Amino acid sequence: MTDIADRLVDQVMTAKTASRPLMIRGGGSKTFLGRAAAGETLDMSGHSGVVDYSPSELVITARAGTRIADVRRILDEQSQMLPFEPPEFEGRATLGGALAANTSGPARPWRGSVRDALLGTRIINGKGEHLRFGGVVMKNVAGYDLSRAQCGAMGSLGVITELSIRVIPKPELETTLVQECNEATAINKMIELCRQPRPLSAVCWTGGRLYLRLSGAEQAVASTIGYWGGELLERAADFWRLIQEQTHEFFDGDMPLWRLSVKPSAPPLGNDAPVLLDWGGALRWVRAESSLTAMERYAVSAQGQASLYRHGDRNGEVYHRLSPPLRALHQRLKAALDPDGIFNPGRLYSWL
Amino acid sequence: MYSSVTSTSSFETRKKLLIEEMAKFLPSDSIIADEETLRVYECDGLSAYCERPLLTVLPDSVENVQKILKLCHRWGVPVVARGAGTGLSAGATPSPEGILLSLARLNRILRIDPEARTATVQPGVRNLAISQAVEPMGLFYAPDPSSQIACTIGGNLAENAGGAHCLKYGLTVHNVLAFEMLTAEGERVRVGGQGLDNCGFDLLPLIIGSEGLLGVITEITVKLLPSPDAAQVIMAAFDSVEKAGDAVAGVIAKGIIPAALEMMDRYAIQAAEDFVRAGYPTNVEALLLCEIDGVREEVAEYVEQVEDLFRELGAVAVRTSQSDAERALLWKGRKSAFPAVGRISPDYYCMDGVIPRSQLSYVLTRMREMSEEYGLRVANVFHAGDGNLHPLIMFDANVPGEFEKTEEFGGRILELCVAVGGCITGEHGVGLEKIRQMRSQFSDSELEQFHAVKEAFDPGGVLNPGKGVPILRRCQEYRSIGN
Chain X
215 MTDIADRLVD
225 QVMTAKTASR
235 PLMIRGGGSK
245 TFLGRAAAGE
255 TLDMSGHSGV
265 VDYSPSELVI
275 TARAGTRIAD
285 VRRILDEQSQ
295 MLPFEPPEFE
305 GRATLGGALA
315 ANTSGPARPW
325 RGSVRDALLG
335 TRIINGKGEH
345 LRFGGVVMKN
355 VAGYDLSRAQ
365 CGAMGSLGVI
375 TELSIRVIPK
385 PELETTLVQE
395 CNEATAINKM
405 IELCRQPRPL
415 SAVCWTGGRL
425 YLRLSGAEQA
435 VASTIGYWGG
445 ELLERAADFW
455 RLIQEQTHEF
465 FDGDMPLWRL
475 SVKPSAPPLG
485 NDAPVLLDWG
495 GALRWVRAES
505 SLTAMERYAV
515 SAQGQASLYR
525 HGDRNGEVYH
535 RLSPPLRALH
545 QRLKAALDPD
555 GIFNPGRLYS
565 WL
Chain B
3 MYSSVTSTSS
13 FETRKKLLIE
23 EMAKFLPSDS
33 IIADEETLRV
43 YECDGLSAYC
53 ERPLLTVLPD
63 SVENVQKILK
73 LCHRWGVPVV
83 ARGAGTGLSA
93 GATPSPEGIL
103 LSLARLNRIL
113 RIDPEARTAT
123 VQPGVRNLAI
133 SQAVEPMGLF
143 YAPDPSSQIA
153 CTIGGNLAEN
163 AGGAHCLKYG
173 LTVHNVLAFE
183 MLTAEGERVR
193 VGGQGLDNCG
203 FDLLPLIIGS
213 EGLLGVITEI
223 TVKLLPSPDA
233 AQVIMAAFDS
243 VEKAGDAVAG
253 VIAKGIIPAA
263 LEMMDRYAIQ
273 AAEDFVRAGY
283 PTNVEALLLC
293 EIDGVREEVA
303 EYVEQVEDLF
313 RELGAVAVRT
323 SQSDAERALL
333 WKGRKSAFPA
343 VGRISPDYYC
353 MDGVIPRSQL
363 SYVLTRMREM
373 SEEYGLRVAN
383 VFHAGDGNLH
393 PLIMFDANVP
403 GEFEKTEEFG
413 GRILELCVAV
423 GGCITGEHGV
433 GLEKIRQMRS
443 QFSDSELEQF
453 HAVKEAFDPG
463 GVLNPGKGVP
473 ILRRCQEYRS
483 IGN
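Those sequence lines, one after another, are chains X and B. When we follow the working numbering, the leftmost residue of the first sequence carries the number 215, and every step to the right adds one. When we follow the working numbering, the leftmost residue of the second sequence carries the number 3, and every step to the right adds one.
Calculated directly from the structure, the hints in this document are not laboratory data. It cannot be assumed that every hint is accurate.
Cross-link-like lysine-lysine pairs, in silico, DSSO-like; alpha carbons within 27 angstroms at most [as the list claims (entries may be wrong)]:
1) X:Lys403 x B:Lys225
2) B:Lys170 x X:Lys403
3) B:Lys17 x B:Lys72
4) B:Lys256 x X:Lys384
5) B:Lys18 x B:Lys72
6) B:Lys225 x X:Lys384
7) B:Lys334 x X:Lys384
8) X:Lys230 x X:Lys341
9) B:Lys26 x B:Lys69
A partial selection of chain X residues facing chain B, derived with a Cβ cut-off under 7 angstroms [stated by the list, open to error]:
10) Glu271
11) Gly326
12) Asp330
13) Met352
14) Asn354
15) Gly357
16) Gln410
17) Ser429
18) Ala431
19) Ser437
20) Val476
21) Leu540
22) His544
23) Leu547
Keep in mind that this is a model prediction, so the values were computed, not measured. From the three backbone atoms N, C-alpha and C, an ideal C-beta is built for every residue, glycine too.
Use the sequences and the hints to build the structure in full.
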């Protein structure tokens, strides 16, 4: 629970002077993610602790190295939660890492992503300046939103040192319905059920079963069970934890794991590879020995994007490739925040 | 910056050349060059700031917008894009030596995909038109600024305009999946997609709310939500704003997230009631409007809890809408509060600060003191749920010096917002209006960082120049004045 911002700034200044790359690292829980890249470690794990928490404001401010598990414990005491349900990865994942890697759990389509919950950040830019963007209030349109722009940047736009995040009250009741069906039927059911004004908070399909999580006021959940039917899942919280933490048996083994973020109503990809559908069909995990090009093709046919999430070749490109004008904007934005290119070079794209 | 045209020839020559070039691809009724018609485009919703543009153009295709941008980029001509002009921060004030680019003719709903719950629209589509178009499918588009009947979705993106329902459904930035944008150079870029997450930098939040300084948006894909099957609004009246403020915190602390939670003070209640006859009690200090929506059973459960809570916390009257017509009437008063205040004062100036909810009482008290100090009345209408204040300062523009006094008072309110941990604009934008107050929220390094971002997107500085972020030299002058 310490503030080591000054030390972090010093290390950035030294790296900048020497033009030496820095690899930003929090709890080290997501080293498998992105491209293999090298550099001197900038250790964020010591920069931790909750700076401010006002339950009635629904906002928590914490240093980036604070472990998500610790934040959860604090929020639990007030019956509040992080809306984006990030994975904890054996307790090591940090808030800063969740933002940089854009990790959101099963509730993503209904409660938003880490970026959607984010209200403000402090970051150290490539000039070694410690800056504050956004704030602690929900609405704020002064200046450019450089806080939310950190989402998914894999640390290449600056060192995130502090985050203010919107939290939500825990639902009164949570229960899960299970229905047996194949993938195509599951997608159709997802389309149909997600269009209804019901208290859904997660919809996932795996192993021939569709899982529907209902969260909200007691009566609302009860009436929905009546409408939809299906078997009530016992120990449902355990199931959703396996999905959130990517420890469900689907995720076992070394076969490359592809992550496809697509239009939720897209038909099954039909390539015979094992598939797990999350986010009401908008997130499709695929296990396959495949090339990025082939997976990009699948994703584009489903109006979305592909990335090689785990395993496979970490030296080639692992994220969906960008169009030339978008690529040019990325390079210019990177230069605007990190003119010497010292933050996590090559982690997101080989050319960034 | 403004290249050879300005340095070698007069405005008139530049105007003539631009008309000649643009007439090659734009029909003649798309180019407005006469002084009389240009007057229509002098300002946005904040008429205190006026500038006549060199030309106004109304392209009807993305290709023509692209040609205009390429031309302006080549010649270094400033371009200010605008939709319906309902903005309230002088964000769409024209540049006197540039083009005012109206996107009003790009007003088609291109695709509705009820299965994926999205709509793809052009920027000139009105906000409300989206919800109207998808209503038969049981869907709606959540962000609903008070001007939604007139304002365009492109303008909503530029300002990240929210509205009353942000507390539950988020801001514009939370409800947009993708857009197509033209860069300052006129290059087409697609940002986002039909999935929820995308690879690379998340440019959506960076560009949404950037006030037209980073690109011109030409197509937008928004998320649609299932229309809730029930909604009721609870009106509660209080004899002090402090009690009403506590009631706001009380609802949140109970774990209930209302669809909207709005507050009005004495002046605003009186003005709105005289105007709309919504049935508001007028002998009270504050009124809360709390809307609960969702599944029918859930609404019934929460409405009862909120009614009890308001009574416990000292409400002198509590009334809950029993029909959609009654609900609409209760909201009509709130939505008409601005024009209603316009009837009790020759002019009014609408501010847009944000504060943490816990600071509500303190800020209202300080504002009352300042109101006495300046001798100007203030009516308060605000989104209490998310801390977004809209103080309406009443003044008379015909009294010499009174507008200047009003502006100074408004500036001090915004600085107060920052001092208590809030910010200078929640949904109206910085525009020209609040550029002075940017320094109270950001340090020089932060402002410099914004300029670097602007430079990355628009190296020639042609897009909406002079808005949003103060140039640093000027900013330093302000600082020295402030000291």
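Hint check:
Distance check on the hinted pair: lysine 403 of chain X and lysine 225 of chain B sit about 19 angstroms apart at the alpha-carbon level, within 27 angstroms; holds. Taken as a hint, the lysine 170 of chain B and lysine 403 of chain X pair is honoured in the structure, with Cα atoms around 26 angstroms apart against an allowance of 27 angstroms. For the suggested pair lysine 17 of chain B and lysine 72 of chain B, the alpha carbons sit about 16 angstroms apart, so the restraint of at most 27 angstroms is met. Taking the CA atoms of lysine 256 of chain B and lysine 384 of chain X, the gap is near 11 angstroms; set against the 27 angstroms cutoff, the hint holds.
A hinted pair counts as satisfied when its Cα atoms are at most 27 angstroms apart, and lysine 18 of chain B with lysine 72 of chain B qualifies at roughly 17 angstroms. In summary, the hint linking lysine 225 of chain B to lysine 384 of chain X is supported, as the alpha carbons are separated by about 24 angstroms, within the 27 angstroms threshold. Restraint check for lysine 334 of chain B and lysine 384 of chain X: the C-alpha separation of about 33 angstroms exceeds 27 angstroms, so the hint is violated. Taking the CA atoms of lysine 230 of chain X and lysine 341 of chain X, the gap is near 7 angstroms; set against the 27 angstroms cutoff, the hint holds.
With a C-alpha separation of about 10 angstroms, the suggested pair lysine 26 of chain B and lysine 69 of chain B falls inside the 27 angstroms cut-off, and the hint holds. Given the 7 angstroms rule on beta carbons, the hint for glutamate 271 of chain X holds: about 5 angstroms separates it from the nearest Cβ of chain B. For the restraint placing glycine 326 of chain X at the interface with chain B, the shortest Cβ-Cβ distance is roughly 6 angstroms, inside the 7 angstroms limit, so the hint holds. Interface hint status for aspartate 330 of chain X: upheld, as the beta-carbon distance to the closest one in chain B is roughly 5 angstroms, under 7 angstroms.
The interface hint given for methionine 352 of chain X holds, since its Cβ lies 4 angstroms from the closest Cβ of chain B, which is under the 7 angstroms cut-off. The closest approach between the C-beta of asparagine 354 of chain X and any C-beta of chain B is roughly 4 angstroms, which is under the 7 angstroms cut-off, so the hint is satisfied. For glycine 357 of chain X, the suggested interface contact is upheld, since its CB lies about 5 angstroms from the closest CB of chain B, less than 7 angstroms. With its C-beta approaching chain B no nearer than about 6 angstroms, glutamine 410 of chain X sits inside the 7 angstroms limit, and its interface hint holds.
For serine 429 of chain X, the suggested interface contact is broken, since its CB lies about 11 angstroms from the closest CB of chain B, more than 7 angstroms. For the restraint placing alanine 431 of chain X at the interface with chain B, the shortest Cβ-Cβ distance is roughly 4 angstroms, inside the 7 angstroms limit, so the hint holds. For the restraint placing serine 437 of chain X at the interface with chain B, the shortest Cβ-Cβ distance is roughly 5 angstroms, inside the 7 angstroms limit, so the hint holds. A least Cβ separation of about 5 angstroms between valine 476 of chain X and chain B falls short of the 7 angstroms threshold, and the interface hint therefore holds.
A hinted interface residue such as leucine 540 of chain X counts as satisfied when its beta carbon comes closer than 7 angstroms to some beta carbon of chain B; here the least separation is about 6 angstroms, so the hint holds. Nearest Cβ of chain B to the Cβ of histidine 544 of chain X: about 6 angstroms, under the 7 angstroms cut. The hint holds. The beta carbon of leucine 547 of chain X comes within 5 angstroms of a beta carbon in chain B, closer than 7 angstroms, and the hint placing it at the interface holds.
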